Every structure is written in C-alpha cells, then in structure tokens.
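S.K.: Each chain is listed here by its residues.
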Amino acid sequence: MSLLSIPTNAAFSPAQLLPSSHPSVTKTLQRLSRASLLALTLDWLSDQNQESELTTPYLAEPDSEDDEQDPYPAAHSLFELREIYTELQSRKGSKRDVVDRILEGDWRNGITLYQLAMADMQYLYDHPTSQKWTALKLVKSESDVQNHKKAATSVPRFHPATFLRNLQREVLPDIKVHYNLDRYEKLGLTILRVFIVDSPYNTSLALQSTSGRRAMAFDTSRTFYVAFPDAAPYIYISLTTTVSTIPGSSISDNKSLRSLVLDGIPKAFSRPRDRYSLESTNLSARNLEAMVEKRGGARSNAAGGGWGIYAEENKKDTPLNVHLPTPDSLHEHDGEKEQAEKVTGMKRRIEEDVQVVKRRKLVARGRFGNSAKQDDGKGIERFEVMIRDPFPSSAHNSRDDTPLDMPVEETSNGNGTKRKGRRSTFDLELSKQSEDDVEAEGWRPNVRVVFQGKHIFAGVRHLVEEGLLDGERMPGWMTGDEGVSVGLVQSGRIKGFKGSGL
Amino acid sequence: MTDIESSTPEDPIEAQLDNEISDLQSQSKHPLPFLQTLLTTIVATLKTQRALQAATILSSRASKSILSHLKSRQPAPTQASQRSPEAEDGSPLISLATAQAAHNQENLYRACASITTFRIQDPDPNAVDGGNVLGIRIDVSSSGGKFARPYYVMLNKPWPGQDLLRVHRHTVPPCIPLASLAERHLPSPRIDDDIVKRKIQDLRAFVRALRREVVGYHNRSTVIKALRKTFKLDEDVKLKGRRKGKDRERVIADISAADAEAKQVRIEWVDGRVGRAIIGEKGEVLKCAVFGEDGRDYVNERRILGVHGEGTMDGIGERLLEGIY
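Read top to bottom, the protein sequences are chains S and L. Once you know that position 409 of the first sequence is 396 in this note's numbering, the rest is easy, because the numbers rise by one and skip nothing. Position in the second sequence counted from 1, then plus 207, gives you this note's numbering.
Note that these hints are calculated values from the structure, not bench results. All values reported here derive from a predicted model rather than from experimental measurement. A few of these clues could be false.
Unchecked claim - Capping the alpha-carbon separation at 25 Å, the derived lysine-lysine pairs in BS3-like fashion look like this:
no. : chain 1 : residue 1 : chain 2 : residue 2
1   : S       : Lys482    : L       : Lys406
2   : S       : Lys254    : L       : Lys406
3   : S       : Lys303    : L       : Lys489
4   : S       : Lys124    : L       : Lys470
5   : L       : Lys432    : S       : Lys173
6   : S       : Lys482    : L       : Lys364
7   : S       : Lys345    : L       : Lys470
8   : L       : Lys353    : S       : Lys303
9   : S       : Lys119    : S       : Lys302
10  : L       : Lys436    : L       : Lys489
11  : L       : Lys364    : S       : Lys302
12  : L       : Lys432    : S       : Lys302
13  : L       : Lys353    : S       : Lys302
14  : L       : Lys353    : L       : Lys436
15  : S       : Lys441    : S       : Lys119
Looking at chain S on its own, in the form it has when it is part of the complex (with noise of 0.2 Å):
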C-alpha cells in the first residue's frame, strides 16, 4: 500500500484492498446464497486465483501461537483452509457464519476490489434477472460507410486489453474505476463490471473514508456492467434505473459518472479510419438469454415470432432429406399435449370443440412457431408500444388499404394475466363515403399499449391458444416478430428504419 496518494488518471489496482468491515463488503458477501458463498472462497483459494495474488487470505505466522480469545484462529496453510471450507461445504449451516469467517478471519485484512468484482459476478449468475440489461448496436460512422466501396461486416474485433487499455484512456481524472472481465461461457458472453468511486484517488484514500458522501461510492448504482457477446456488432449495458438514455446525450447528467463511461465505450472500439458510435436497438430486458438470442452473433436476430422456424436447429431441412415434408409430427405433439390437459384441466375446457382447439393451437404454432413457450425461459418482462395509427374511422387513407382494426390491450397488475378490453367495430363503408373530404392524416390518437409479465410473448400464445384472442387478425407486433422492447406502431407495423431484418 503506497503511503502517499496523489491524483492520478490510472485505473484502480485489482489488488487494492477494501476493509472488510466496511458495510458494502458485508452486504455484497450476504446477497450471495451460502452454497455460491462456499464455492466462491474456495474459487479464491484456488492455484490459479493464488498465482496472482490477488486472494491471498491471512495465513498464520509459521511460529506463532494461536490466540485464544481468536473466534476464527488463522490456518497454518492454504491446504489446511480449502480442507475447512470443503468440509463446511458439506456441513449445514448458516450463512452468517460463513460471511464472519471470511471477514474476521481468513481475510481479516481486508478484501481485494478483484474479489469484490468476483462476488459481485456470482450474484449476477445466480440471478441472471437482477440486470436490466439494454442491447446498443455499435455502427460505423457514416463518414467512414461513405469511404468503404467493398462491403464490409461491421462486427469490430473485441479485443479485452486493447479494449480496457483505450477506456480508460477516455475516462475523466476525476473518477476513478476498476475493471473485472468475466467470461460467461453458458451464453457465449464476456462480462465487464465496472466500479466507479467519484475520486480523484486511485489509492486507498478513496475507499476508506466512511464520512458522508465518499461512503455512497459504494451505491450499487456505481457498479454497472457491459455485456460484449461473441461475434456480434451489440453490447447490452446494464442500466439500473433509466432506461432509455441514449449514451452522449446531455439529458442524464445525474449519471454522469455512468455517462462518460458509456461514452468512453465506442471510442475505445475504433481505431483509425474505423469509427464506432452507439446506436439504440429498441430493446431491453432483464433475462440475458433473450438478449442473446435478439441481439446476438447467432441466426436469430433478424427471424423472431414465427419467423424462428427459419433460424432454429432443424435437422430434416437439408437437401438430402427425401422425406415429403409433412406437418404429421406437429398433429401428433399437440393431440399428446391436449390429452394431458384434458385429465388436469378444468371442466369447462372439456366441453370446448377438440377441433376448434386444435385449430387455436395451430394458429398459434403458425404465427409464434416454437418461440414464445412458457418455459423456454427467453421472456421480456415488458414491452410497450406507441400505436401511431389514424383513428379507425379513416383508416382506408392509410397506406396499404387495409382496415385496422387492432384489439386494445389492458394489463392488470399482478400475475400477469391480461383482460381484453374493447374492440373497435366501425362500418368502414359507411364511414368511408361520408367522411371522404376529412383531411388525409385523419385524426391520430395516441396510444401506448403496454404490457408487463413474467414472459409476454408466451402470454399472448397462451391468449391465442385460449380463443381469447384471434390470432389471424392479431396484429404482427404481438409476437414478437421484430425483436424489440419498444416500439412505434404505423400501419400496424412497428416502424422500422431500413427493412426491419438490417
């Protein structure tokens, strides 16, 4: 630890420590469950972890005596401290006791910003839900587009120490930040967390101090992390309470801190003659499995809702295969499925057409394909839409001549169950002839519509499936056909800037 702290611009050390009393310490260890607890420690204890030094845990002096007034007496060797936290492994017990021994005795003197970050990371992946996560797309500039006669991909090569090497050259002197890169392999996804204290200090000095305002430095709203999935043009940033900054914007100055690193990140991507900037997808939700499968370096960006057929694993779509396709197997997977609930359900479904379910169910399965299960586990939790459309009435001045007639949408709050409200049923002949010298916009209501659950899009299946909703005149934005959290409905569309695939 250096005596002196003088402002610098570097980055804070991974081997920095933070005094294991300090409350965020204590929080950040009891958020974890005691199985992810144990297997943390002993992750710290690990070879791989002691080589860099940067978990080394206060060990007994060879000589020394134990202490007896010692609650937690030092181990004499790292063998001897995996053994303890092995054995407590299989032991029951309570979390408190674990976090104690960690804290007042095996890393007495404090725990290390890496190990801090590596906590930190656990909890994310044990509730992969606790990040509000939104995709950003990184796009070349237009300048440079204009330059590039040959077509170019424009999926910039990630390369972590470059990366961090360039961020914090962006970052201002006056804050200071640690950096953790975590691989998630699962999902194909590196994780950066970054830490930020408002200091100009990169030393102790800046962690130390409980008074007042430097004790908020350890607000999760300071912690934020940037998800980069392989071999794909987007990052997802985690943003905790705003949702719809755009990065660069002067608009969120109470996140300036989170601002400027944001800011830090499209140009620690470019390089000369390749400029990045950041560019809004219309998409944020917390389950990062969907993130990845909308916004990621596989097939399915572009294919949502029904379209997904086309994306998904499918062996017998091969020129190879002589079989005549035939929709038998889907007959047969459904007629299963209806028997089962036919003994569970209740008795008001019995008496229901077998053929009319089915036909439900094969609306259902054309319009949403095999997305939108209850328990794919890719749901959005919110989603929400600005229908920009004139007011049925003149709807025949619309672009395609058809007539909108779109069912509104009510949430209720709670168990995510959706009521359908009412259906606008105009005599568009009528209106037609009688209203022909309205002005050509007509009027345009504003609507939003928005919905809020566990897993929307499965709810909307679950709809259609119930006949609670007609899913040959639902609107395609109901399946979540384009992919996005938000979005402007024109047309009955939701509008898309060039061709909704690009």
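With the hints as your guide, set chain L onto chain S.
M.R.: Here is chain L on its own, set in the frame of chain S:
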C-alpha cells in the same frame, strides 16, 4: 403420410397396433416408464423406416410407371359396386407421387444450384403487399458430405406500386455483411414529397454476393478445422498417451479463428510463440506475423505466407509441417 396410411395394405395391422398401445397406455394408470419409453422409441424408429420406404417406393421408376398406368385406367367408367380398392386408392397415390417428385426435384436444385427461392405468406395481417414474401434459401455443403443449416433471406415489397425489394427477415449471422450488401445491390428508394425516386436493384447480384460471403465463411471455418486436424489438436489426450511411441511431439498448441468472420487465424506454438495470419477473400494468406520471446520469427512467417506470397490458407499446415519435421 396420412394418405399412405389409408392406402397401404399393412395399414390395418398398424392401426390395430396403435390402438392396442393406446389401450394399454390408458388402462394402466401407472405404466412402467421404461417400457413406455422403449415402446415409443421402437414406434418412432419404425415410423421413420416406413417413411423412408414410402419415399423410396414413391420415387422409384417402377412405381411411377405403375401409377401412370393406373392413372390412364382410372377415368374409365366403372360401376361403383365393383370398384377395386386399387382404383380407389389411385388418385391420392398419384398426387402423393407428384408431390414426391416435386420434392425430389427441389432437393436436386438445392443440392446443386444451392440458391433456391420459395414463397412465404407473412402471417401478419397488416403485412405489406398482402403478405407476399419471397424467400431465398442458400444451402451450403459443409465438410463430410453434409449440408449446413440453410441460410434464409426473406424479401418483401414495402413500396406500393413499385417492384422494389427490401430485406424483411433473414437468418444470416451478423458476421456476414448482409446489410452492406443489401445497401449496395438492393438500395431503398428515396422518398421526397411522396414521389418515389427509383433506384436500380439487382437481386441476382445481391444473392450471388451473399452466397459468396456465406460460402467463403464456411470454407474458412472448414480450413481451420482441417488445420486443427493436421496438428491433432482435437484429439483426446488419453488416446494420445496410449500410442506415445509412434506419435511425433506436438509443436502447435492451438489454431483458432481470431475474429467473427474467421478471416484471421491465430496460431499458438507450444514454446509460446504466437502467430496471426490474415486471410483474403479468395482464401489466400495476405499478411502474417509471428512473435516469440526473442522477437519475430521470420522463418515461420515466410512458411505461412508461402513462396512469392501465393500461399493459400489450406496449405498453411503442409508448409508448417515441412519446416517442423
């Protein structure tokens, strides 16, 4: 296949079997899970076999001639009471055979021409142009005589009264520059004051360029896989230990694609040297750099680049091996 079921002679037996199985399943309230799964797998295997047989029989030349013979005989007026079962089954069989022939032809085009088109009806009731969507399917054969999952691009005509296309949906991964290709070959019209200013679109050029990118990407990944095989990087360590005496010492530690497009190859040597080769559009090695602890390794760089800079990507392994052994 329902049509076949009602027509083939073994059908009653199978229907009986199905009935028996379902009866058994419904009778026993707690069926043995093992038996059930076994039965299900057996039934599934038999069903696939039957489908395969049906497809083979339907596409065979002999059955075609029989069917055409039947067809010619069918219009002849026969009394309803005297109708033979064959004649009754004639028409669904013929339609099935036609469908099978069409399917076979489509497969042939997909395998050989690799770009095929089809029509899709957009399920969205508000879809543009009445929901007419043009689907383009790009089939790419991967190594081992298999075909990769085809890539799809769906196009629609969002500008009323215009024959201009736009990419509606697609299943092309982001490492293939679909957007810039579409911008170049399928430019959107500029709309000034409701007057659509037409731009020339070239669908053929677009699809050709797209296929070129897709195939290039696949070929590069295949070559990287082959390189890994050359240096036995994917082999099991246990297996290697067993025949230690024969095996030559491992020199290359890892070969992998360094970027999304697989246009950069990263090569790691066992002794810590790291190399990076940049691959051009035609699979040629454009640039290469190899760094070791004591500076650059020009010998291996030259090997990777090949003589006169004409080295191809798939020759990297061979040229490196020459130097090693």
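S.K.: Hints first: check each against the structure and report whether it holds.
M.R.: Here is how each hint holds up against the structure:
Pair hint S:Lys482 plus L:Lys406 holds up; C-alpha atoms about 22 Å apart against a cutoff of 25 Å. Of the supplied pair hints, the one linking S:Lys254 and L:Lys406 is violated, its CA atoms being roughly 35 Å apart against a limit of 25 Å. For the proposed pair S:Lys303 and L:Lys489, the alpha carbon gap of about 32 Å is over 25 Å, so the pair is violated. A C-alpha spacing of about 22 Å is found between S:Lys124 and L:Lys470, which places the hinted pair at or below 25 Å, so the restraint holds.
Pair hint L:Lys432 plus S:Lys173 holds up; C-alpha atoms about 22 Å apart against a cutoff of 25 Å. Distance restraint check for S:Lys482 and L:Lys364: the Cα-Cα separation of roughly 15 Å lies within the 25 Å cut-off, and the hinted pair is therefore satisfied. For a cut-off of 25 Å, the pair hint linking S:Lys345 to L:Lys470 is broken: about 49 Å separates their Cα positions. Distance check on the hinted pair: L:Lys353 and S:Lys303 sit about 12 Å apart at the alpha-carbon level, within 25 Å; holds.
A hinted pair counts as satisfied when its Cα atoms are at most 25 Å apart, and S:Lys119 with S:Lys302 does not qualify at roughly 35 Å. Simply put, L:Lys436 and L:Lys489 have alpha-carbon atoms about 22 Å apart, close enough for the 25 Å limit, and the pair holds. Pair hint L:Lys364 plus S:Lys302 does not hold up; C-alpha atoms about 31 Å apart against a cutoff of 25 Å. Pair hint L:Lys432 plus S:Lys302 holds up; C-alpha atoms about 22 Å apart against a cutoff of 25 Å.
Between L:Lys353 and S:Lys302 the CA atoms are separated by roughly 11 Å; this keeps the pair inside 25 Å, and the hint holds. Between L:Lys353 and L:Lys436 the alpha-carbon distance is near 18 Å, which keeps this suggested pair within the 25 Å criterion. Restraint check for S:Lys441 and S:Lys119: the C-alpha separation of about 14 Å stays at or below 25 Å, so the hint holds.
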